[in-house]
Every structure is written in C-alpha cells, then in structure tokens.
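Just so you know, the protein sequences line up as chains G and U, in that order. If you're matching positions, the first sequence starts at 1 in my numbering and goes up one per residue. If you're matching positions, the second sequence starts at 115 in my numbering and goes up one per residue.
Source of the hints: derived by calculation from the structure; they are not laboratory data. Treat the hints with caution; some may be incorrect.
Derived coverage of chain G by chain U (criterion: at least 3 residues anywhere in the stretch with Cβ under 8 Å from a Cβ of chain U; other residues may be distant) [said to hold, decoys possible]:
hint, segment
1, 35-41
2, 69-79
3, 86-95
Idealized CB from N, CA, C, for every residue including glycine.
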Amino acid sequence: MVYFLQDGNTISILEKISHTLYTHPRRGFMDWFGIRKLSSQAVEHGPQRFELQALALHLRWPYGGFTWKYPLAVKVSDGTGLVQVLPVVDITRIAQILSLAIILLSVILMRRKP
Amino acid sequence: MTELENSQMLEDAIPAIETVQDTMDQFIAGADVDAVYAAPIEYGEQLIIPAAEVLGIMGFGVGSGGGQEASGEGGSGGGGGGGGRTFARPVAVIVASQTQVRVEPVVDVTKIAMAFFTAFAFVITTLIRMQRGKL
C-alpha cells in the first residue's frame, strides 16, 4: 500500500505515518526527553502557604512514551516571612537502593583476589 | 481497492494519528503536579496532602496490508491499537496543623523486607559458592 506524495513520488503507508510522527509541528529535541521541576499553585492553610514541588521525567518515542513523576519537597512559608523547605523522604526507595548496594558490594568484595 | 483509495484512506487516518500524538503529549509531558500530590484533605484542624510516585507508559501501533488473488480480486485493510499502564506508589503524607508542618513517610514494610531478603539470599549463596570453590 503506497502513499502518493505531492511531488509525484510514492512511499509506503508506514513510512508516511512515521514521517507524520517524526515531523509533528511542535516536536523539538526537548519534547522527546525532558526532566523538569514542577511546582503547584500555593495551598493556603491558616497563616501557612504551601508550594508542592515534584520532579518529572518524560521519554517520548514515535509510537509511545514513558513518564515518571516524583514528589520532591514542600515549601512552607508562614505569615512572618519564614520559608522552610521540607524534603519528601522515600524510606522504601532508600531501603531498596541500600539492598542493591549490599549486593553490588558483596559481589565486588567476593571477586577480589586475596 | 485502488491505490488512490488507499492513499485517501491514509490521509483520513493521519489526523487521527495526530490526535493520538497530542493526547499522548498531554499525558506524558503534562506539567502539573496533580498526579503526584492528591487534593488536600481537611481533617479537623489538620490539612493532609498525600504524595505518590507515578510511573506511566503507553504506546500504540498501526499496520496495513493488502493482497491479490490469482483471479484478480484483491483486498486490503489496516488497523491500529494502543495501550498503556500507570503505576502509583504512596511515598509520603504531608500533615499540616495550624502551628507546624511535617512530612510523614509511607513505609512499605513488605517491599523493604523483600529487598533485604533478596540481598541476604544473594550474599549467602555467593558465600557458599565461594567456599565450594566455584567462584
């Protein structure tokens, strides 16, 4: 099955669809991959104002994509002007990374020749 | 179906593909934190905001084909499909009272135990293999 181009040449349907996907008008390099820090609008609670911060990573390819969003910190400002940044600590992830580190460390130590 | 009809069919399909692309762009590169932080919940004098890690993957595919029989009759067709999956895992809960704000971590004991048991089993197995002289 072929697609007729304006210049009289023909290309296959899949080539044309790929062409459409790759030459999308808004597509630039940063649309394919990006890491961004996101901030929410201020949430008010009594005298305090919160700004919720998150990290967003996206990876895009012509037929799909991947996204990962992660909470980073909470910026708290009270009525006196004092601003405090409270990091969001992920204990489960730290423990998982630690156990992976134990495995890697044990492999390195055990493979060292005496 | 003639090749001209085929190309017309394709031209009709391209706006649909662009719509799918736009929808995926909005989903994947969305710049809001709503997916990570849930809407604040008021509980007495406290304000509670749950926070989660969100992971999403999606894709689609299109295909077409055609053929011709010995009698001269032929046919062609095309189709497409897509799918995706979103995973979310609670990470922490932000608890705000009138006087203080604290971030309470959500600890998944099962995941932690599984990770450490795996590490422990790996280390023990490697030690045994080393003692037997296989490493």
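Each hint, compared with the structure:
no., hint, result
1, 35-41, "holds (count 4)"
2, 69-79, "holds (count 5)"
3, 86-95, "holds (count 9)"
The structure agrees with every numbered hint stated previously.
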